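Protein chains: 4
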Amino acid sequence: MSRYSDRTGPIKLGMVGGGQGAFIGGVHRIASRIDGHYQLVAGALSSTPEKAQASGRELGLADDRIYSDFEEMARTEAARDDGIEAVAIVTPNHMHAAAATAFLRVGIHVICDKPLTATMDDANALAAEVEKADALFVLTHNYTGYPMIRQAREMVANGDLGKLRVVQVEYPQDWLAEDMPDVKQAQWRTDPERSGAGGATGDIGTHAIHLARYVTGLEIDRLAADLDAFVPGRKVDDNAHVLLRYSGGAKGMLWCSQVAVGHENALRLRVFGEKGGLEWYQEEPNRLWHTPFGEPKRLLTRNGAGASEASTRVSRIPGGHPEGYLEGFANIYTEAAHAITAHRTGATPPAGVHFPGIDDGMFGVRFVAACVTSSKDDAAWVGLG
Amino acid sequence: MSRYSDRTGPIKLGMVGGGQGAFIGGVHRIASRIDGHYQLVAGALSSTPEKAQASGRELGLADDRIYSDFEEMARTEAARDDGIEAVAIVTPNHMHAAAATAFLRVGIHVICDKPLTATMDDANALAAEVEKADALFVLTHNYTGYPMIRQAREMVANGDLGKLRVVQVEYPQDWLAEDMPDVKQAQWRTDPERSGAGGATGDIGTHAIHLARYVTGLEIDRLAADLDAFVPGRKVDDNAHVLLRYSGGAKGMLWCSQVAVGHENALRLRVFGEKGGLEWYQEEPNRLWHTPFGEPKRLLTRNGAGASEASTRVSRIPGGHPEGYLEGFANIYTEAAHAITAHRTGATPPAGVHFPGIDDGMFGVRFVAACVTSSKDDAAWVGLG
Amino acid sequence: MSRYSDRTGPIKLGMVGGGQGAFIGGVHRIASRIDGHYQLVAGALSSTPEKAQASGRELGLADDRIYSDFEEMARTEAARDDGIEAVAIVTPNHMHAAAATAFLRVGIHVICDKPLTATMDDANALAAEVEKADALFVLTHNYTGYPMIRQAREMVANGDLGKLRVVQVEYPQDWLAEDMPDVKQAQWRTDPERSGAGGATGDIGTHAIHLARYVTGLEIDRLAADLDAFVPGRKVDDNAHVLLRYSGGAKGMLWCSQVAVGHENALRLRVFGEKGGLEWYQEEPNRLWHTPFGEPKRLLTRNGAGASEASTRVSRIPGGHPEGYLEGFANIYTEAAHAITAHRTGATPPAGVHFPGIDDGMFGVRFVAACVTSSKDDAAWVGLG
Amino acid sequence: MSRYSDRTGPIKLGMVGGGQGAFIGGVHRIASRIDGHYQLVAGALSSTPEKAQASGRELGLADDRIYSDFEEMARTEAARDDGIEAVAIVTPNHMHAAAATAFLRVGIHVICDKPLTATMDDANALAAEVEKADALFVLTHNYTGYPMIRQAREMVANGDLGKLRVVQVEYPQDWLAEDMPDVKQAQWRTDPERSGAGGATGDIGTHAIHLARYVTGLEIDRLAADLDAFVPGRKVDDNAHVLLRYSGGAKGMLWCSQVAVGHENALRLRVFGEKGGLEWYQEEPNRLWHTPFGEPKRLLTRNGAGASEASTRVSRIPGGHPEGYLEGFANIYTEAAHAITAHRTGATPPAGVHFPGIDDGMFGVRFVAACVTSSKDDAAWVGLG
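Residue numbers (UniProt numbering), protein chains in the order written: chain A, 1 to 385; chain B, 1 to 385; chain C, 1 to 385; chain D, 1 to 385.
Source of the hints: derived by calculation from the structure; they are not laboratory data.
Remember, it's a predicted structure, so these values are computed and weren't measured experimentally.
Possibly wrong hints are sitting among the right ones.
Since the list can't tell identical chains apart, any single copy or any two copies may satisfy a pair.
[Said to hold, decoys possible] The list that follows gives simulated cross-link-like pairs (lysine to aspartate or glutamate, DMTMM-like), each with its CA atoms no further than 25 Å apart:
hint, residue 1, residue 2
1, Lys184, Glu279
2, Lys163, Asp360
3, Lys132, Glu71
4, Lys184, Glu274
5, Lys184, Glu131
6, Lys235, Glu274
7, Lys163, Asp378
8, Lys376, Glu178
9, Lys163, Asp221
Based on the provided sequences and hints, a complete structural model is requested.
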């Protein structure tokens, strides 16, 4: 029996990281609120006590549930009758493993930002913890929450594209085209101690490759990566070109960049099979372009004509009223909520519920490691290990 | 002193209408949750007791705060120490006035869906109630919550376009291209008893004309409207062509349609002045196109390069991560929350806070009435009355 | 028997107007060359002898076939064994009728730029000449030469859209947003003596309304027009808003403007019927968007998947290799060439050959006159006369 | 003194290849006609005499200038007083060298389709012929004729983008997604005997890489290529993924594919430097997107606001009236015509005139060879040789 077997209603949520000045913490909080499945009641929003206090009060947390030490938070919350049932981990990457471990060990479900960890050792250790925990582990590869991505995956799985041949995925940005010594977000994301060995590779490349894998179901056989740090003094890559060979013979390319001037968050996936092609673009996420070979290109829209169960199940409003990044992110939270709620009583979650987990996280860390290894060896072909 | 002078934290919210099967109620609920300023605690979600109960329980309302009669709800909630501070009214149009009145009279702030009312008499009566109430009245013309619309308005006000000449606004849809006897949304929206004399005109034309007025600040001098009901048996217009003459000499056109096959919610505004032009499209709301005369067209993006204070103030996430319809809607709720919170102590809301109110509602009702009058008189020129 | 019954090979072509500094003359010359059906051998390129000489020599005309008087050119060429078989008339509008008449009377085919004439009297007179001439009269409403417009027309005629309900056409430009006293093109096009009573209405409104009529086959029952001259001192309209009522019950709007900052030649047509919708945009002319009601929008491309005989017949190169304005214009010339060649022997032109003629020209002149009349009477409803 | 020193007026042109059923021959003919600089008077349109006759007559060639043997054509035309001054070579790739050589040796200018040759040996031999010939050699890498590509090149050269970092170029098509045994175009283009060792690489990859080089001025240091033939039985690549390392440190990717379902001729170039980014797309060729770092993206249009001398010099009509593939192709012909005309008298061509030549051809052949070599060696890094 779950320790939360008597809970009903919204899931009490805690948060580690995400204090004032952070970006992704706010995103997680909104995502947790959109569908009403969570209630934020505790947080170790910063390891600096003053900042933790200020941040917690700003969010309306009770004073006794504002922590500056996530270990203490895990112990204390686990001991409360009304303690948190789940925790969102939104720290820089290097702290994911320790924080997640603390909560998993006391049976609190973990919703963790990506990439999984900054190092492979941490990833392995965390995977072992997840394996033995009586708690769920959710990784917020949020782009897989977009309804039309769900539909794309379903179409591939249904064979609408036939056997896949080519997968092109790219994620260009430009916000790091110059050195940004005064921007906190830029600092830790370009510091290998905190972000891991991959820069763009870890921050956005993991999103891109996860998206490609999620939609196509293809596994990487080998990759060859050419990584660059174009901005002088940068210690991690800010541009990566990767050739991909998939098991089964499909080929692909991944390009991610943080110096591609003119691009904001231009994640784009294109999948081509013997019978058809699909295109999707994160900045216009409600649209999925489908071309059956030899026929006109078709515009499939979220909750519009051509939308399937896979996309409508995670949609809220009519076609033509755009849902965005936050709704896609919220879909991960809501899928997790369905699983957490089912977990209370040992029930099976509703049909179709799924979300990225530890395997996806391991995949991302292996991908970054493989890219770094390959690039150091002059873009030699390497497997994912 | 406000009766809510001792309140802190989230605003306790009630809802009238929005039971199972409704569309806009769910939108209001999400919009109220996104920024965490509201907590839904009571509802008269349906006038059918069983449905009210089922709907309320689904939303987690306490049994004693589920009502089937909004009058009773207003009385009861006003008498509770922990009663609602604001109510969202999301019924069909013909019930807006009575429901809003019930709450305004007991000092509960009203957040009302548009159009204001189904009739001019109701509108006038409601305006009188708003005038004398010690409560705020907010009308959810949600498209004015979009950040880039805020910026467009600011640019016009700043004179970036020079003196305005031409305003083109359109809102085509296609969901009513056929008769839909089995769809609840279609039923009441095409029933003049419940929706008012305007069909497309009231449902989406009011949004379009409000958007044009909000961005340009221009007032209509006269209009000439040609309304049609193309679907056999339809009792209200499903297509409207309107010529607009603005005070000061600008001219414009409005087209709204529910039979324009191939359009979902294709609200589009274009404004042209002596010095520049602007274009905005609801289905890609994070983009605003600006052309200074004689220079290349520029793409301004939400929280991206070229974004101004007017848009960033109501933005949440970085450029390139699309915010959508729900975030725009939430901005109206959040603006209202700032005003409601300030109202507790008689404080002035933060700089820049604004939202549509009773005047905007009266404008919309007058617009529909003028369109109907003009169209009956062979598209004669009429003022707004 | 035609006087050209013994001719074979390219059609010997003359030109009236189109000397140095003109715009549309060069377009006609390229259009006549693209498919190799014409050979320019004579011209009255200017009424100023020096300019006529210089322009003619630049184009490689023989000295004895360079004229400054179109009457003399008509007489002389008609008398030569190797005289021109057709003439392109590319003068300002007020000279179309006289020039066309001179050539028609001697049996030389006329290819005339639009609008037909500057006045209704001229139009009537010219129509009478065409009626009695043994020569073809072709009006270069070039937008109807675009392949995807041909396909749109065919689809409407085939009933793919069902009974038509709404037709939206617009043609915004911005090149006349300011007074341009030094630009020759701007001068005559805003001079009612040379362009006629319509400014934007005549120059681009006639194109737009012709396009709508061509594609839909609908005839205007009545229109109501609101014309403006926004630029101080301008003597003809530079912006027109027109409501349209078609025979059979369809409704429409036309907007044309030369002050819409941010638009180059943004001619756009949208047609909506009971069963489907079509959209086409001149700046991306190889694409036609088709939505069958209830199905996803489809992108039909020139010579691509979904292209029909009507469009492929007038296409040259594979889909995805854009054909443009000049190819569309050339299609009018080539259609005319098929008819002229057939006329030599009294043969029937190949199936499908068609082009705008005197009726289309009369329609355009009536349209401008109706707009001007309506606008002077406060946008009263008027027929086309 | 040139043997054509007494020529004036249009250049007499011959053609080798391009008989009935061919595609690119027709394109060359239109391109040669658009600006009136050429007159087609002779042809060896096929090596099959009957087909050569039929094709030549259809084009209006005199019987004595219809050949089936290009050697004979070269000899005969060189001996005529009114012989051709230039020849267009539009055969399958394996015949380019021999045909070009025949004409170069008799002093007739050659305008040759790409890729230069099917083999490196042929390329070297041809280069030696060009070196010693008193005749021009023009290679129709037509995409460099697009005005906005000219402007992009100028902007890069001017330093508008700063030092370049990343170059992404791709050319996906889908017309060979299935085996097409009955389509002549498909046959020879997938036959290594006639097309050379590269399939997609030679046919469209050479276009893409030439475009990237033309615009950026960067030279390839090394490349790593992964080539595939996805269609069963295909003997040449139909998809190529190529990593690029440029001299000076920039990196890039090239993807070309003939199996990318949903793409027609989607050649796209993106260039990113320290100070800005550019994007261009062949299917919308009149637009060039420019983002100065930190500023809004700008839409530069052909002959519109922001157009520079480099693009306006090769433009014909106003902005917003699209010029297309044929006009871009014609620009190569017209640039060549300026050079050929200047060559008559030994004059210097007008400022700015330039076109692809033998060096560009050698580059393309080396590129294909390097891709094939690299791919056979498991995508090892190779130089261009």
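Hint check:
1. Proximity of Lys184 and Glu279 under a CA criterion of 25 Å is satisfied in neither setting, with 34 Å inside one chain copy and 30 Å between copies.
2. Within a single copy, Lys163 and Asp360 get their C-alpha atoms as close as 23 Å, which meets the 25 Å cut-off; across copies the closest is 38 Å, which misses it.
3. Taking the shortest Cα distances, Lys132 and Glu71 sit within 25 Å of each other inside one copy (19 Å), while across copies they are farther apart (55 Å).
4. In this assembly of identical chains, the alpha carbons of Lys184 and Glu274 lie at most 25 Å apart only when taken from different copies (22 Å versus 46 Å within one copy).
5. In this assembly of identical chains, the alpha carbons of Lys184 and Glu131 never lie at most 25 Å apart, being 34 Å within a copy and 48 Å across copies at closest.
6. In the homo-oligomer, the alpha carbons of Lys235 and Glu274 lie at most 25 Å apart only across protomers (18 Å), although the nearest pairing inside one protomer, at 42 Å, exceeds that limit.
7. Taking CA atoms no more than 25 Å apart as the test, Lys163 paired with Asp378 passes between copies only; the shortest distance there is 23 Å, against 32 Å inside one copy.
8. For the identical chains of this complex, Lys376 and Glu178 are intra-copy neighbours only, at 24 Å inside a copy versus 39 Å across copies, given an alpha-carbon limit of 25 Å.
9. Taking the closest pair of Cα atoms, Lys163 and Asp221 come within 25 Å of each other only inside a single copy of the chain (17 Å); across copies the shortest separation is 36 Å, beyond that limit.
Hints 1, 5 from the earlier list are contradicted by this structure; the remaining hints agree with it.
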